[in-house]
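Construct the complete structure from the given sequences, taking the supplied hints into account.
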Amino acid sequence: MCLTSPVWVSMKFVEWIAECISTTTFSISINGELKGFFPGARGLRQGDPMSPYLFVLAMEVLQMLLMQKVEQSTDFQFHWHCERIRLISLSFADDLLLFSKADEGSLHIFCECLWIFSDWSGLTANVQKSQLIVSKAAGALKQRLLQILGFQEGALLVRYLGLPLVASRLTVADCQPLLEKVDDRLRGWRRLQLSFAARVQLLRSVISALNVYWAMAFVLPKGVIKAIEARMRTFLWQGGTGVGVSMVAWKD
1 MCLTSPVWVS MKFVEWIAEC ISTTTFSISI NGELKGFFPG ARGLRQGDPM SPYLFVLAME
61 VLQMLLMQKV EQSTDFQFHW HCERIRLISL SFADDLLLFS KADEGSLHIF CECLWIFSDW
121 SGLTANVQKS QLIVSKAAGA LKQRLLQILG FQEGALLVRY LGLPLVASRL TVADCQPLLE
181 KVDDRLRGWR RLQLSFAARV QLLRSVISAL NVYWAMAFVL PKGVIKAIEA RMRTFLWQGG
241 TGVGVSMVAW KD
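Residue numbers (full-length UniProt numbering): 1 to 252.
These are calculated hints, taken from the structure and not from any lab test.
Even for Gly, the Cβ is constructed at its ideal location relative to N, Cα and C.
Among the hints, erroneous ones may be present.
[Stated by the list, open to error] So the derived label-pair ranges between C-beta atoms look like this:
#1 Y213 to E83: 33 to 41 Å
#2 L165 to L194: 31 to 39 Å
#3 A198 to S10: 50 to 58 Å
#4 S22 to N126: 17 to 25 Å
#5 V158 to A215: 13 to 21 Å
#6 G139 to S195: 50 to 58 Å
This is how it looks when you write it as structure tokens:
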């Protein structure tokens with residue numbers, strides 16, 4: 001609970017949080033029945049509304065630690081896009097992005113900060129889900145950087161919450177994951193004996209929702225919208241038989 005001290009939190013609040021964490025227990029559902037209780041090794045109860053607030057406090061401490069180490073070190077080099085605003089990290093939900101130039105000195109500082117933070121909080125990076133993305137590093141340098149962190153090699157485009165992280169307009173290629181997800185849904189439904197009304201309901205509640213989710217963040221290319229509509233139209237009128245004629249124009 002030493003994480004809360006640098007953020008000027010009262011000891012009473014610290015004691016409450018310690019109680020929430022230390023008394024966490026879980027049970028397992030086997031064939032619909034809850035079996036036994038066992039203590040949690042770390043963290044809060046699943047779905048606890050306090051978790052996001054504690055994450056903000058923890059990331060504030062990590063950010064201060066990173067800034068302190070960067071200011072004290074001559075080895076750290078900012079990413080050239082981040083140097084003007086001195087951006088080192090961004091965090092959201094339970095995810096963390098770290099930015100630096102692709103050099104060994106900067107990554108050693110990141111490793112030191114993550115180790116100290118883990119010692120303070122008990123929180124560690126999930127190596128299986130963490131990635132190192134290096135844009136133009138030579139092969140030998142890239143391998144050394146991967147060995148320092150122990151992360152997997154990632155590549156752009158990065159997807160977050162199901163959406164690609166891009167600053168420019170989407171291309172048809174960027175939307176390929178959306179089209180693949182639509183195809184997967186429709187492929188599974190074609191194996192079912194669905195009525196016309198059921199197909200309409202699935203298209204409205206599932207496929208249209210996928211389309212809207214992407215459209216809330218990006219302007220979808222016309223080619224992607226037409227491709228999705230064509231798939232929806234085919235599934236609506238043909239179902240799983242592959243035989244049928246569109247009785248009404250899609251725009252109607």
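So, going through the hints one by one against the coordinates:
1. Look at Y213 against E83: about 34 Å separates their beta carbons, and that is inside 33 to 41 Å.
2. Between L165 and L194 the Cβ separation comes to about 36 Å, which falls inside the hinted range of 31 to 39 Å.
3. Checked against the hint of 50 to 58 Å, the pair A198 and S10 passes, with Cβ atoms roughly 56 Å apart.
4. Taking the beta carbon of each, S22 and N126 are about 23 Å apart, inside 17 to 25 Å as hinted.
5. For the hinted restraint 13 to 21 Å between V158 and A215, the CB-CB distance of approximately 20 Å keeps it satisfied.
6. The hinted range of 50 to 58 Å is satisfied by G139 and S195, whose Cβ atoms lie roughly 57 Å apart.
Of the numbered hints listed earlier, not one is contradicted by the structure.
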